[in-house]
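S.K.: Okay, here's what each chain looks like letter by letter:
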Amino acid sequence: MGRALDGWLLAQTLRDPGGTVALGAEAWTALLAIARAEQMIGTLAWRLNGLTVPPSVAHILADARASAEQGRVAALWEAEAARRVLVPLGVRVVLLKGTAFVAAGLHAGQGRSIGDLDILVPRAALDAVEAALLEAGWEWVKPDPYDDAYYRQWMHELPPLIHRDRDRMIDVHHTILPLTARITPDAGALLADAVELKPGLWALSPNDMLAHAAAHLFADGDLAGGMRNLWDVHCLIAEFGTDGLAGRAAQHGLSREVGRALRLAAALYGEGARLTPADRLYLRRLTARDGWGRATRPFTRMAFYIRSHWLRMPPAMLARHLWTKWRKG
Amino acid sequence: MRHVFQVRIGPVGFRIGSDWRAPIAQLEALYAAYPKPVDGVPDFTVRLFAARSWRRVVRPAVMIGGDYVLPEAAPLPLAQGLLAAEMGMNLQMALGQRHFLLLHAAVVERDGQALILTGVSGAGKSTLAALLSLRGWRLMGDEFALLDPATGLLHAFPRLVSLKNASVATVAAEVPVDRLGPVLEGTPKGTIRHLVPDAAALAGMDVPARPALILFPSFGYESATRDVAQSEVFVRLTQASTNYVAMGERGFDALTGLVQGVPARAIDYPDTDGAIALVEAAWAAR
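Read top to bottom, the protein sequences are chains A and B.
Going by the numbering used here, the first residue of the first sequence is number 1, and it counts up by one from there.
Going by the numbering used here, the first residue of the second sequence is number 330, and it counts up by one from there.
No lab work stands behind these hints, which were simulated from the structure alone.
Please read all numbers here as calculations on a predicted model, not as lab measurements.
Heads up, the beta-carbon is just placed ideally off N, CA and C, and yes, glycines get one too.
Heads up, a few of these hints could be off.
Covered by chain B, according to a simulated footprint, are these stretches of chain A (three or more residues, beta-carbon under 8 Å) [as the list claims (entries may be wrong)]:
#1 32-44
#2 51-58
#3 69-83
#4 291-304
The following block holds chain A by itself, in its conformation from the complex (with noise of 0.2 Å):
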């Protein structure tokens, strides 16, 4: 294919797999590394599933798979060990991300790596849904006094619980984004318009699972994970395309947000986009690995990570939250 060893060779082969006729054995170890770092080992197995590749990687591939799919396994059954403890309580328990995909039988659930499990629920049942879960055996992660009190004033989740036999974390969402962030969406519209895929389990509406994509993207971290959650993006609009999309991102104030995630999308994985400077700079970001599988473009990346600070609370409290975990070490 003739590229650097980045990040766009893995975009690149889950564009056209078939070009990997052409990758040599060292093209082929960065790829696998890449893939690894992303954490997309599995989707990229999955997309070159059935393709003709040396013995070896079609060796590591078919485990990648399998891995896959005990993931998969092993996401809904937590996910139904949620929904036991909290249908009693009678709400909308609205699974997302990973869980979601793989739940609703998704293209981009396949192959994906899933690692907590992430659930909406209305923001008044949020105290009984704690209780019901620590009442079932979920406990604290974070000890800290600050953390925990940060985390119920100014954080979108519940500080996150780990369940103390299955070793399995959850996060509680009440919306999709912190509430120090400049944009607040739609948080009672995601719930109202969300699909029940099985008695006591929802998903959100596909318009707002791209939503929530580009929210978490571009308004919220510092693109950690990026590629995954772009192909995520890829895979949902070549499912359900983009009809009222513009409208719902508006509703939720992430218009701009929904914009960029779909040009990126197709910059990586698609037939191309007009880009803007400032995308080009969000793909030199999101492409930032070598063939080792390491992080490279160190500016690049601190820029973005201070960024995601600054997106996340105001200058003022900025600076308190720094200071405070600084002298906490």
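Chain A is already provided as a structure; the job is to place chain B on it using the hints.
M.R.: Okay, now just chain B, sitting in the frame of chain A:
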């Protein structure tokens, strides 16, 4: 990375990159007789790197990275770079291996049948495996038993044998010095010296074997042997496995198949001669 070494150990290929030449030179010497990864594409990547660029030179400290990492791993001094490489390779297996069910165990083979030696750290797995390999057994590995869920066979993973503390002298007395690595003093596990597996172990690294006996050795007791119930074997082996949970149903099926098909005994031994005698007796009585 600046310095690179690739190697295949049994069914698993590794790529080790390093900011320093020294650990790579040691790997090249000790793994000289090993093959390279199939198709030139390794299964796992290990990285030995300096946390800050100036730490390459000033009090060099080796950080261990790779495809799979533990977040809180502490760096090692450059003099222990070889150990860092070995730990990095073990870590990739422990966290990333999904083809085989991994048991923390030594394995030796005779007449096509495999003996699994497992137990807590310090039970003497590596020492016994090394000594048995000097007495007619084929060494299949001193760290991980690789159980194939599809066939029930054990695959060899004959990496360098990691001798620790008192066992360094015990084994060194019986092998030529060119099969021994440098003495690594003051490591987190005490003194370590690596032993290169013998020609039979390397020649047979692609030959799997059917498990025939599981032994749980314990060092420091009067000689004794007892049968171990299947329920206890199962629980102890789940604890000895690094990927049992991640393997899901395949792991459960593989492990129950092993436990139900293979006898298990615990042996207590006061010294190495006693241990060898107990192993041979248990093998004859299996």
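S.K.: Does each hint fit the structure? Answer for all of them.
M.R.: The hints, checked one at a time:
1. 32-44: holds (count 4)
2. 51-58: holds (count 4)
3. 69-83: With 3 residues close enough to chain B, the hint holds.
4. 291-304: holds (count 3)
Violation of the numbered hints given earlier is absent; every hint is satisfied by the structure.
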